[in-house]
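Chain by chain, the residues run as shown.
There are 4 protein chains.
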Amino acid sequence: MFKDLFKIFTMKLKVGILGATGYTGAELTRLLVRHPRVEIIWLTSEKFSGKKISEVFPHFRNFLDLDYTSVTKLSSLEYVDLSFSCLPHGKSMFFVNKLLDRGIRVIDFSADFRFVDHETYERLYRVRHPYRELLREAVYGLPEIHRSEIKGARIIANPGCFSTSVIFGLAPLVSKGLIKEGSINVDSKAGLAGAGRAPTLELHFSESNETAQAFGVNGHDQKPEMEQELSSLNGGPINIVFVPHRIPVNRGILTTIYSRLEDHLTHEEIRGIYHAFYEKEFFVRLYVKGKYPSLKNVRFTNFCDIGLGFQEDVLISVVALDNLGKGAAGQAVQNMNIMFDFPEVEGLRYTGAYP
Amino acid sequence: MFKDLFKIFTMKLKVGILGATGYTGAELTRLLVRHPRVEIIWLTSEKFSGKKISEVFPHFRNFLDLDYTSVTKLSSLEYVDLSFSCLPHGKSMFFVNKLLDRGIRVIDFSADFRFVDHETYERLYRVRHPYRELLREAVYGLPEIHRSEIKGARIIANPGCFSTSVIFGLAPLVSKGLIKEGSINVDSKAGLAGAGRAPTLELHFSESNETAQAFGVNGHDQKPEMEQELSSLNGGPINIVFVPHRIPVNRGILTTIYSRLEDHLTHEEIRGIYHAFYEKEFFVRLYVKGKYPSLKNVRFTNFCDIGLGFQEDVLISVVALDNLGKGAAGQAVQNMNIMFDFPEVEGLRYTGAYP
Amino acid sequence: MFKDLFKIFTMKLKVGILGATGYTGAELTRLLVRHPRVEIIWLTSEKFSGKKISEVFPHFRNFLDLDYTSVTKLSSLEYVDLSFSCLPHGKSMFFVNKLLDRGIRVIDFSADFRFVDHETYERLYRVRHPYRELLREAVYGLPEIHRSEIKGARIIANPGCFSTSVIFGLAPLVSKGLIKEGSINVDSKAGLAGAGRAPTLELHFSESNETAQAFGVNGHDQKPEMEQELSSLNGGPINIVFVPHRIPVNRGILTTIYSRLEDHLTHEEIRGIYHAFYEKEFFVRLYVKGKYPSLKNVRFTNFCDIGLGFQEDVLISVVALDNLGKGAAGQAVQNMNIMFDFPEVEGLRYTGAYP
Amino acid sequence: MFKDLFKIFTMKLKVGILGATGYTGAELTRLLVRHPRVEIIWLTSEKFSGKKISEVFPHFRNFLDLDYTSVTKLSSLEYVDLSFSCLPHGKSMFFVNKLLDRGIRVIDFSADFRFVDHETYERLYRVRHPYRELLREAVYGLPEIHRSEIKGARIIANPGCFSTSVIFGLAPLVSKGLIKEGSINVDSKAGLAGAGRAPTLELHFSESNETAQAFGVNGHDQKPEMEQELSSLNGGPINIVFVPHRIPVNRGILTTIYSRLEDHLTHEEIRGIYHAFYEKEFFVRLYVKGKYPSLKNVRFTNFCDIGLGFQEDVLISVVALDNLGKGAAGQAVQNMNIMFDFPEVEGLRYTGAYP
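Protein chains in written order, with my numbering: chain R, 11 to 365; chain U, 11 to 365; chain W, 11 to 365; chain L, 11 to 365.
Any given hint could be a false lead.
[To be verified] With a Cα cut of at most 20 Å, we get these calculated PhoX-like pairs of lysine-lysine:
(1) R/Lys24 - R/Lys190
(2) W/Lys61 - L/Lys62
(3) L/Lys62 - L/Lys83
(4) L/Lys299 - W/Lys61
(5) R/Lys190 - L/Lys299
(6) L/Lys83 - L/Lys57
(7) U/Lys24 - U/Lys101
(8) R/Lys24 - R/Lys83
(9) U/Lys101 - U/Lys57
(10) L/Lys61 - W/Lys301
(11) W/Lys101 - W/Lys83
(12) R/Lys62 - R/Lys83
(13) W/Lys24 - W/Lys83
(14) U/Lys190 - W/Lys190
(15) R/Lys161 - R/Lys186
(16) W/Lys83 - W/Lys62
(17) R/Lys301 - U/Lys161
(18) L/Lys301 - W/Lys299
(19) W/Lys62 - L/Lys301
(20) U/Lys299 - R/Lys62
(21) W/Lys301 - L/Lys62
(22) U/Lys299 - R/Lys61
(23) R/Lys61 - U/Lys301
(24) L/Lys83 - L/Lys101
(25) U/Lys301 - R/Lys62
(26) L/Lys108 - W/Lys299
(27) R/Lys301 - U/Lys61
(28) W/Lys161 - W/Lys24
(29) W/Lys62 - L/Lys62
(30) W/Lys83 - W/Lys108
(31) L/Lys24 - L/Lys108
(32) U/Lys61 - R/Lys299
(33) L/Lys161 - L/Lys22
(34) U/Lys108 - U/Lys83
Keep in mind the hints are simulated off the structure, nothing from the lab.
Predicted model, so just to flag it, every value in this text is computed and none were measured.
Only chain R is shown next, with the shape it has when bound in the complex:
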């Protein structure tokens, strides 16, 4: 109790956000304005630089009174304890490097620090990665799996939204080497806010409403990320087939994973393995037999809900999370809580936004 009382009186953590006017930046801002231990010091935006936050996002009125500033002024911005970067891939790393130089710890939403080896990154994004040491230093920010490394990290590579869903859906078995290599097919259905706030024909309302479509069929950027993490858990190579789809909802990812097991395990043994893996995790909810997650129970939360089913010898893991929540900003806040020794659920105890 005294410790808690003490915390009430302590200073708040000062944070900044680079690229705060995309959807992940806006969601992060939304979470942080309600976080009791955090004070937002600055927010950058190139498009809305100089504008008040409530002018760009009226829902922040009565919550935060700041102007967006340009990232080009980064060096003159006030020192903060932590900066989040929601800048795009290929651009983020330069600013992350600058922040680290000033002694500011960073949680980076881009893919710039997600890969252990620079070759994968360079092949995917077709740019040279000049910060290879930082790549090696960065911690992949999946708290349920890398909690201890996150605590002391200077750079967190915040995982991709699809990757988070796939890794959570397979980790208990893969980490025991129980999934048959080459048997994994992953089918994700994603809400459109995950595709960003920049207007495009594909995301135009009348084009994307009342329809659904596969994309990235021949290879999505997050596939190597999933494979890297699953291979590392497995202690041997894991290759997956991954096809994401767009469905007309704002938020959420529903991922259905089809896989086969190496050995024969009963359904109950498999459930037991998942249960043991996640039983202490507040943000992972395992569904009982016959029940499967849906987006409505995880929207606007940091939860990852998992249901398991079987058809003959194929395991079907159904995973639901919010692509802006556990798939991005929520997970980043969870990482921050760990890094700064706050209760891990602080600022994240929200029920799904139902109905």
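Guided by the hints, dock chains U, W and L onto chain R, whose structure is given.
Below, chains U, W and L without anything else, positioned relative to chain R:
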């Protein structure tokens, strides 16, 4: 500061909810599980009696572990400081009466205690109202207008969702007698959760998606409620024309009000009157000239956003709120906060659920 | 019968479309590929010039095999009997003028020829109108009202979508001088395809889904158009208050009109006047007492559905049509049918796209 | 030409529909009222028996003026050339049998005649199948595969919507024995109208909007149907894993099929096999390399669009169709056209309902 510290140590307020598995009951539960000064003691439901809350609403898992009980067992339920009733019109009053008999204060979501005179109620609902004294005693729970009476009330008649939007859109002028009687046309567009959780053909997904429809054209139940409150504010009769419409969103009401003024006032004078009326209210946000509210900025909140426009001598007030939030459960929590001397915004400081 | 048989053997009408890759152009193409008496000869598009139609719009595969061409090549395009122009306001008139010079009749979707006097146009669009004689010559293409003038017209100004809904909702009474001037408030709810195919933040899926918003509150472009036509029908000035709203559906306009009558007429007399006005019109469906139109019954059609209600002495006309159908492309095809002496319903006998 | 002229003068085909007020019945009615060679003689409905069609479905006003009658009066209904049955599984077969007794040919939408052996049916639906000879006689109504048998059939078992999408996505390879048994995972995303018109909590707007969910994870009714047909095409057993999902659109199924090939074939060879299989089929559209179908291009049509992709040695077939169109009523009309020697595309040449 000491007072606040004291409050941290005090007991939580014990509350119960009658009819907790409709949408307003579920929303109220959602708000209360996060309210720092409240403990939910019991929840009733006839349809789901005996079931665990997380079985009916998986989004409550990890938040609340209670079983629904039947309202028929009300007399044997634990004493609480406050009960909310989300029971339907005509049924609620009987249970409200029982609660009061046990010395339990009540916030009632139904229309059963909204009317000053029993005749209006009886004409509307075609049933006799046996609790005429309670009718006179009940306080109409619009905090921004009846704050002081709410504080000491035993029964709060929680206002209708449409009524709240219309009253807020007109109150500043009506209370000064500035609106020309007979000139008010109100057009509301409402999300479908406001129509309840019971499955009907009209609310079936494929029937209500990709369409819009007027309803209650020849007289909606909340029209007399609006007229009663506006007339009271005006000090003379106010009659309105009111047509609600269903639009395919889950939550939110957008109300557009067309009215004419008695006297000539400049646009700036009118804005000034609204500003003066609402300037101390956290939950009412007046938009600047040329800007109008939209549902996305008020979804899942207790805010009521208002924008003003003009065409010739007609004033156009555009009002947005969440029908389950400021239009129901949020407003009820605000009333509770006032009744029990909590900070009025406690448990209600949420930004709009964007995007 | 012989006349019909004869028509089967006759040549098809040759038509072209300027600006064929916006939503009205795409809808017009969709209607014309199924029209038994029409052959599309060319389609222009600046953005997609040189591309195959089925590459831009896969739904046209197996229906039409043409490449889009640039409007800059208009003079070298094959002669057609009729051209539609779906070019934007201010740009369309120049090309319409060129088409007329080549002896090609035109149906213009823009506002360029909708106003009788050039001053209104010039005030609204802030550009000079160089074709004042054509303005006077152009016929306002509301078939149910101007059928006889349409027949012989060289230029049809195809009406605005909102205007069509408002004029149909008021015409029977206004044309008898029965509506009290200054009493008309019009509230429209419109699907987003009516706002065009160019990607903007406002029409971005995650911005416009699950919300609703008023726009043009201080004066929409189609307001003078409605007033001009209603005043003409009335034989005296009609001023209206008009506020359109965006709702998250692809197609459709639901317009609710509030007005007061000059004289006392019974509800049945008013219904009788509407009935008499529309009884011979296939595309106008008057609803019986107590029933109101909804978008789902008019989507993808040329119908205009009307329901009437009353609150005290206020008449409430609820009108539903498809903004791309009766509000644009459907009405244009109806005008074409009249101009070329085809059965008026040819190519337009579609039921609503339900569910 | 003379043959065509002749047809213009011939009598129309007389048809009846059993169970005409569910979504498949309504869609079938919608297609038939516009079919030039068909006259609807009667429609049955238990729920709406005695009501006018336009009272139940206002979109049919001006198109068809019939009252629904009860199926209990079947024996006294006028003789027709063909009856469709949209009655539910387990109920339909009794009425189909009666129709056949009167010499009326039948297209049955239920699963009652889809299985070759009665055991599969009886295991799935847990009822005895008393019409085993009819089971053997019935033709599985996939025109692109069983065209010649359909022509002379007395009973057509109209295929399931999911089955149609899966069979079309695999038939070219399966019929050559090229797919590796045990490698097929099928993930379908379906619009909600496919789940029927009866109101349920799951299909209630606010429950099913802005979410997505797997269902039938442990075994869907249409899985044995797909397996039966694919095994028959393959000449050896084909077992699949099949998980359908609900997504918030009215219509459409997007099916993504993951499979491995027995032999090594190049991508171009695989495309060639699909091309050869479907090149004469109007209603199957194969997409070019890198393009994938979406629901918007097939909504309200009888098309089945297919795109092919690859990840390592896994073939990904993406299939889109309308569950009420090619997945039900459209396919039934196509079957009728074949049975009665009409042009196969008659009454079905609709582009997708875009946007």
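Exercise for the section: Just pull the numbers of the violated hints for me, sorted ascending. Expected result: 1, 2, 5, 7, 15, 17, 18, 26 and 29
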